[in-house]
Amino acid sequence: MVAVNNNYGDIEEKWQRRWHEARIFDAEPGVGGGRGGDRGKKFFITVPYPYTSGPLHIGHGRTYTIGDIIARFKRLEGYNVLFPMAFHVTGTPILAIADSIAKGDAEVVARYRDYVSIYEREERVDEIVNSFSDAEAVAKFFAGRIAEDFKRMGYSIDWRRKFNTTEPMYNRFVEWQFKKLYDKGVIKKGKYPITYSIEDGSPVGEDDIEGGDTDKVSIIEHTTIKFKLRDGSFLVASTLRPETIFGVTNLWINPDVRYVKVKVTGDGDEFWIVSKDAAEKLSYQKSGIEILEEIEGGYFVGKVVEEPVAGREVPVLPASFVDPDVGTGVVYSVPAHAPYDYIALEDLKRKRGGLESGIEIEPIKIIEIEGSDYELPAKDICLRMGIESQEDPRLEEATQQIYKEEFYRGVLNDRCGEFAGIKIAEIKDEVKDWLRERNVAGIFYETSRKAVTRGGSKVIVAVLHDQWFIDYKAEWWKELGHKLVSEMTFYPDRYKAYMHDIIDWLALRPCARKRGLGTRFPFDRAWVIESLSDSTIYMALYTIAHLLRALPVESLTESFFDYVFLGRGDAATVANETGVDTEVLDKIRAEFEYWYPNDLRHTAPPHLSNHLAFFLMHHAAIFPPNKWPGSITLNELLIREGRKMSKSKGNVIPLAKVSELYGVDLYRLYCAINADFGAVVNWREQDVDALRRKFNALVELFEDSIDAGVEELKEDEFTHMDRWLLARFYRRLRDSIEQYRAFRIREAGINMFFEMMNDIRYYEQRASVARRKRIVRNVMDAWLIILSPITPHICEEIWHKLHENKAKTFISLERLPAIKEELIDERVEREEEYLTSLVNDIKEILHVARLKPGKIYVYTAEKWKWDVLRAIKDVEDRDKIREAMKFRKDKTTAEFVKRAMKILPLKKKASSKEGASSYFELDEEAVLEREREYLMHEFGCEVEINGDYDPENKRRLAIPLKPAIYVD
RNA sequence: GCGGGGGUAGCCGAGCUGGACAAAGGCGCAGGACUUAAGAUCCUGUUCCGCAGGGAUACGUGGGUUCAAAUCCCACCCCCCGCACCA
Numbered sequence: 001m002v003a004v005n006n007n008y009g010d011i012e013e014k015w016q017r018r019w020h021e022a023r024i025f026d027a028e029p030g031v032g033g034g035r036g037g038d039r040g041k042k043f044f045i046t047v048p049y050p051y052t053s054g055p056l057h058i059g060h061g062r063t064y065t066i067g068d069i070i071a072r073f074k075r076l077e078g079y080n081v082l083f084p085m086a087f088h089v090t091g092t093p094i095l096a097i098a099d100s101i102a103k104g105d106a107e108v109v110a111r112y113r114d115y116v117s118i119y120e121r122e123e124r125v126d127e128i129v130n131s132f133s134d135a136e137a138v139a140k141f142f143a144g145r146i147a148e149d150f151k152r153m154g155y156s157i158d159w160r161r162k163f164n165t166t167e168p169m170y171n172r173f174v175e176w177q178f179k180k181l182y183d184k185g186v187i188k189k190g191k192y193p194i195t196y197s198i199e200d201g202s203p204v205g206e207d208d209i210e211g212g213d214t215d216k217v218s219i220i221e222h223t224t225i226k227f228k229l230r231d232g233s234f235l236v237a238s239t240l241r242p243e244t245i246f247g248v249t250n251l252w253i254n255p256d257v258r259y260v261k262v263k264v265t266g267d268g269d270e271f272w273i274v275s276k277d278a279a280e281k282l283s284y285q286k287s288g289i290e291i292l293e294e295i296e297g298g299y300f301v302g303k304v305v306e307e308p309v310a311g312r313e314v315p316v317l318p319a320s321f322v323d324p325d326v327g328t329g330v331v332y333s334v335p336a337h338a339p340y341d342y343i344a345l346e347d348l349k350r351k352r353g354g355l356e357s358g359i360e361i362e363p364i365k366i367i368e369i370e371g372s373d374y375e376l377p378a379k380d381i382c383l384r385m386g387i388e389s390q391e392d393p394r395l396e397e398a399t400q401q402i403y404k405e406e407f408y409r410g411v412l413n414d415r416c417g418e419f420a421g422i423k424i425a426e427i428k429d430e431v432k433d434w435l436r437e438r439n440v441a442g443i444f445y446e447t448s449r450k451a452v453t454r455g456g457s458k459v460i461v462a463v464l465h466d467q468w469f470i471d472y473k474a475e476w477w478k479e480l481g482h483k484l485v486s487e488m489t490f491y492p493d494r495y496k497a498y499m500h501d502i503i504d505w506l507a508l509r510p511c512a513r514k515r516g517l518g519t520r521f522p523f524d525r526a527w528v529i530e531s532l533s534d535s536t537i538y539m540a541l542y543t544i545a546h547l548l549r550a551l552p553v554e555s556l557t558e559s560f561f562d563y564v565f566l567g568r569g570d571a572a573t574v575a576n577e578t579g580v581d582t583e584v585l586d587k588i589r590a591e592f593e594y595w596y597p598n599d600l601r602h603t604a605p606p607h608l609s610n611h612l613a614f615f616l617m618h619h620a621a622i623f624p625p626n627k628w629p630g631s632i633t634l635n636e637l638l639i640r641e642g643r644k645m646s647k648s649k650g651n652v653i654p655l656a657k658v659s660e661l662y663g664v665d666l667y668r669l670y671c672a673i674n675a676d677f678g679a680v681v682n683w684r685e686q687d688v689d690a691l692r693r694k695f696n697a698l699v700e701l702f703e704d705s706i707d708a709g710v711e712e713l714k715e716d717e718f719t720h721m722d723r724w725l726l727a728r729f730y731r732r733l734r735d736s737i738e739q740y741r742a743f744r745i746r747e748a749g750i751n752m753f754f755e756m757m758n759d760i761r762y763y764e765q766r767a768s769v770a771r772r773k774r775i776v777r778n779v780m781d782a783w784l785i786i787l788s789p790i791t792p793h794i795c796e797e798i799w800h801k802l803h804e805n806k807a808k809t810f811i812s813l814e815r816l817p818a819i820k821e822e823l824i825d826e827r828v829e830r831e832e833e834y835l836t837s838l839v840n841d842i843k844e845i846l847h848v849a850r851l852k853p854g855k856i857y858v859y860t861a862e863k864w865k866w867d868v869l870r871a872i873k874d875v876e877d878r879d880k881i882r883e884a885m886k887f888r889k890d891k892t893t894a895e896f897v898k899r900a901m902k903i904l905p906l907k908k909k910a911s912s913k914e915g916a917s918s919y920f921e922l923d924e925e926a927v928l929e930r931e932r933e934y935l936m937h938e939f940g941c942e943v944e945i946n947g948d949y950d951p952e953n954k955r956r957l958a959i960p961l962k963p964a965i966y967v968d
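Going by our numbering, the residue at position 109 of the first sequence is 109; the numbering climbs one at a time, nothing skipped.
There's no promise every hint is true.
Unchecked claim - In silico DSS-like links for lysine-lysine, alpha-carbon gap of 30 angstroms or less:
id, residue 1, residue 2
1, K514, K450
2, K162, K228
3, K450, K644
4, K855, K865
Stated by the list, open to error - Here are the in silico distance ranges between beta carbons for each label pair:
id, residue 1, residue 2, range
5, T719, K14, 35 to 43 angstroms
6, Y408, E296, 34 to 42 angstroms
7, Y182, N696, 38 to 46 angstroms
8, S486, D867, 29 to 37 angstroms
9, K852, K801, 22 to 30 angstroms
10, N439, G144, 40 to 48 angstroms
11, Y182, E396, 19 to 27 angstroms
12, E13, Q400, 37 to 45 angstroms
13, E396, N696, 55 to 63 angstroms
14, D183, A590, 22 to 30 angstroms
15, Y182, R549, 47 to 55 angstroms
16, R549, Y408, 51 to 59 angstroms
17, A550, E711, 47 to 55 angstroms
Simulated from the structure, these hints should not be mistaken for laboratory data.
Virtual Cβ for every residue (Gly too), placed ideally from N, Cα, C.
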């Protein structure tokens with residue numbers, strides 16, 4: 001990562017400074033970004049505010065850059081554009097970071113030293129990192145730096161509206177939101193499992209867990225099943241597969257582990273036997289748990305219990321694979337379907353030379369798998385994989401495989417009573433419910449893997465009994481959500497259907513937590529609103545944030561926001577209640593009314609199933625339809641050299657380094673051009689270098705034409721080649737505007753960068769360097785403008801060099817250039833196309849025949865051939881061609897048509913995209929006469945057009961637009 | 001398993017409302033021009049065959065529809081993402 005010399009740093013900073021000084025991106029209702037913008041035409045774009053726990057990298061930058069490109073393009077289109085930004089601080093991660101730093105966690109401190117060093121001189125780093133023991137300091141530091149980074153990226157943001165999500169103004173706003181939701185009856189309370197540390201006495205999130213960011217810990221619901229001992233107490237087994245209860249043959253206990261008897265108070269007292277670990281976990285999940293005496297596992301071996309479904313008696317047997325720290329430490333055995341159970345039984349038979357006297361255990365098969373030939377699945381797979389010991393790690397794999405097959409393709413058989421004949425995937429939950437109703441089963445939560453906090457204390461699952469939720473299940477709400485989505489635009493389009501699905505899935509979502517930064521939950525101040533739930537409609541706050549700054553926080557009451565956002569109540573009453581002048585109130589309301597709704601939200605697909613879904617649903621619930629968001633665009637992620645960027649790979653490039661390492665315009669260009677929204681951008685140094693060269697060449701091209709003495713070409717001196725270049729340019733311009741509008745920024749960029757450059761290069765060869773300089777001058781203004789959303793700095797610079805009289809204004813405030821339709825000349829383009837194909841044909845002949853040309857003879861098609869073609873060009877059906885050409889019937893004609901049909905795709909539909917030609921007539925001879933010099937120059941020999949000399953009778957092979965050639 | 005995306009030349013990646021497609025663009029590679037040289041830049045080439053502009057074989061695999069398929073249909077194989085409550 002060596003900084004390669006780019007000379008644009010000064011230019012970039014200069015224009016960023018001037019934009020800022022002239023405040024051209026500060027958006028005012030009805031005023032437009034500095035100049036123009038009519039009142040009715042506004043465009044409000046948002047990109048999610050960044051989370052301020054650390055520096056952003058070039059992957060994040062892609063999304064913001066695309067957002068900025070869209071904002072800038074909309075300005076060119078004449079919209080009054082609002083593009084604001086704020087900072088996300090709420091939630092647990094920042095708090096966790098501050099705690100770790102306060103505790104002196106070496107790893108976290110080292111990481112933050114790295115982060116801070118991106119921005120600060122070495123001698124200041126320690127001091128700053130030390131200050132991070134305060135969460136607010138973390139947020140403040142990074143919010144400030146990220147804002148600087150964004151400015152340095154040239155984003156056209158109205159910074160006056162900036163806020164962060166822990167400031168009082170925002171708290172008030174979020175409270176208001178929750179009151180609205182509460183009024184709708186969707187804020188509810190209930191039980192909820194969470195990850196928890198007993199030692200710390202608090203819930204733990206992903207960021208508190210050792211390795212939690214890379215290896216997620218989720219909560220798994222086990223089913224407990226009670227097996228009655230003769231003394232009336234229960235051995236309580238836990239399982240992930242309650243449907244296999246019908247095939248139970250025995251219980252497993254680990255004889256070397258300590259179990260405890262637990263008194264469970266419910267309808268009546270019960271006594272449960274579970275492992276010691278499980279008992280502790282249970283006490284955090286259920287109320288009325290009392291731990292009594294400890295018992296060695298071995299004590300139960302050989303005892304008999306009654307299984308709860310059919311009341312069969314089954315033995316308790318010893319097994320070493322039973323882990324007391326998973327589930328209840330008691331396992332029921334289904335040797336027909338569980339490889340562990342099967343192997344443990346086999347083990348036992350072998351070691352003891354047979355099972356204890358009087359106990360016969362045969363696997364009970366209860367699941368049939370469609371289209372498979374398993375006799376006993378567990379046995380078969382163990383044999384096939386050669387697993388013989390219960391210590392074999394591959395048992396896990398075997399279990400997974402059997403489970404997958406049985407879950408999706410398996411059907412319960414006749415042993416399973418009323419559940420027989422139904423697929424496991426469909427019946428599993430029913431069996432679970434059935435067992436629970438009969439009071440033989442319960443729920444036990446377990447973590448998906450063993451986990452400890454970063455501090456080293458054990459993570460378990462606890463159940464909160466008064467968790468607050470947002471209930472998205474309400475039918476009226478889903479209906480509104482679907483309606484809203486169907487009225488929106490999504491790009492890429494496929495995400496629209498996906499969003500409908502998400503809305504269907506949405507159910508209960510916990511919306512408050514006991515810890516973390518954020519807004520106090522208004523209905524229970526002990527809770528804090530969870531950070532995805534507090535960032536759902538905050539775009540509305542952007543419209544007025546800068547105005548709220550002038551008001552005391554206390555005035556931001558429910559009726560204040562009701563009035564501003566919903567138009568409820570009247571100004572006088574609200575003014576009276578809040579102490580805010582009616583005038584101010586109405587100005588604020590007017591500003592909101594002007595800007596809202598959010599016309600476009602641009603972000604990345606990982607937000608679909610959470611943030612964006614809540615964003616849409618909350619708008620649906622709180623705002624009337626005319627304030628619902630207009631569209632959502634999403635760009636995929638950015639990877640580096642084919643691999644995901646991550647801290648652990650050490651391949652992260654901070655956004656802050658972009659200007660120094662690559663140059664901002666180059667980065668923006670790369671993001672725009674490397675991939676469409678729907679595809680991953682691969683950041684490859686090699687490709688970046690290549691793009692840099694191209695980009696520099698373009699800049700040079702412009703510079704060349706600004707040189708003194710270079711004048712644009714006048715219309716009366718246009719040659720064929722001039723007209724060709726202009727036709728190409730305006731055609732591309734027209735296309736690229738359409739592409740921008742459709743968010744196909746990549747295509748627009750490729751069109752105006754690469755392809756236009758290629759055209760220019762071709763023009764230069766056909767014409768001259770001097771003339772190229774002049775013609776570029778003809779299109780330069782329009783060209784710079786259309787490129788400016790992507791590479792605003794360099795465009796601004798050149799544009800000002802070009803227009804010294806425009807020192808006071810900016811290309812960023814220009815309008816889309818006019819498309820000079822009259823210059824888009826198909827004939828001129830066809831002629832050139834015709835010529836290049838002739839040149840290529842001649843080249844190929846020279847190559848294949850290994851000739852050095854003495855003289856080249858070109859013969860164009862005779863008039864009658866054109867007549868024939870004209871007659872048959874629109875004839876769809878082959879059979880009718882004969883009829884169409886009946887005016888000329890002879891062998892020569894037939895031969896010609898055969899050849900022509902093969903070579904010319906006459907019937908291509910006229911509607912096909914441009915460039916693909918359909919039938920077109922040219923005066924070939926005139927074109928060739930005109931370009932004879934060029935051909936002679938190209939091949940370094942005489943060229944004769946339609947001469948009489950034709951020694952090999954080539955002329956007869958000529959086809960319209962494909963002349964015959966003879967080389968001497 | 002369900003839902004979504006995808007499998008195209010040495011690589012990345014367009015095309016995929018069927019027809020100038022041997023397949024844009026880029027990278028890489030080879031040759032040439034320029035240069036004292038390197039770099040940069042610009043040309044040319046980059047499946048195979050061909051001493052006349054042509055032909056053959058190609059777009060995950062196998063079938064099918066069509067005058068014509070990378071593009072449409074069917075089946076199969078493989079890869080990626082999501083199936084949540086985590087910012």
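Here is what the structure says about each hint:
1. K514 to K450: Roughly 23 angstroms between the alpha carbons, so the hint for K514 and K450 holds.
2. K162 to K228: violated, 64 angstroms
3. K450 to K644: holds, 27 angstroms
4. K855 to K865: holds, 26 angstroms
5. T719 to K14: 35 to 43 angstroms: Given about 39 angstroms between the Cβ atoms, the range holds.
6. Y408 to E296: 34 to 42 angstroms: holds, 41 angstroms
7. Y182 to N696: 38 to 46 angstroms: About 59 angstroms separates the Cβ atoms of Y182 and N696, which means 38 to 46 angstroms is violated.
8. S486 to D867: 29 to 37 angstroms: For D867 against S486, whose Cβ atoms are near 55 angstroms apart, the range 29 to 37 angstroms is violated.
9. K852 to K801: 22 to 30 angstroms: violated, 48 angstroms
10. N439 to G144: 40 to 48 angstroms: violated, 59 angstroms
11. Y182 to E396: 19 to 27 angstroms: violated, 46 angstroms
12. E13 to Q400: 37 to 45 angstroms: violated, 56 angstroms
13. E396 to N696: 55 to 63 angstroms: This hint holds: roughly 56 angstroms between Cβ atoms.
14. D183 to A590: 22 to 30 angstroms: holds, 25 angstroms
15. Y182 to R549: 47 to 55 angstroms: violated, 28 angstroms
16. R549 to Y408: 51 to 59 angstroms: holds, 57 angstroms
17. A550 to E711: 47 to 55 angstroms: holds, 54 angstroms
When held up to the earlier numbered hints, the structure conflicts with 2, 7, 8, 9, 10, 11, 12 and 15 and fits the remainder.
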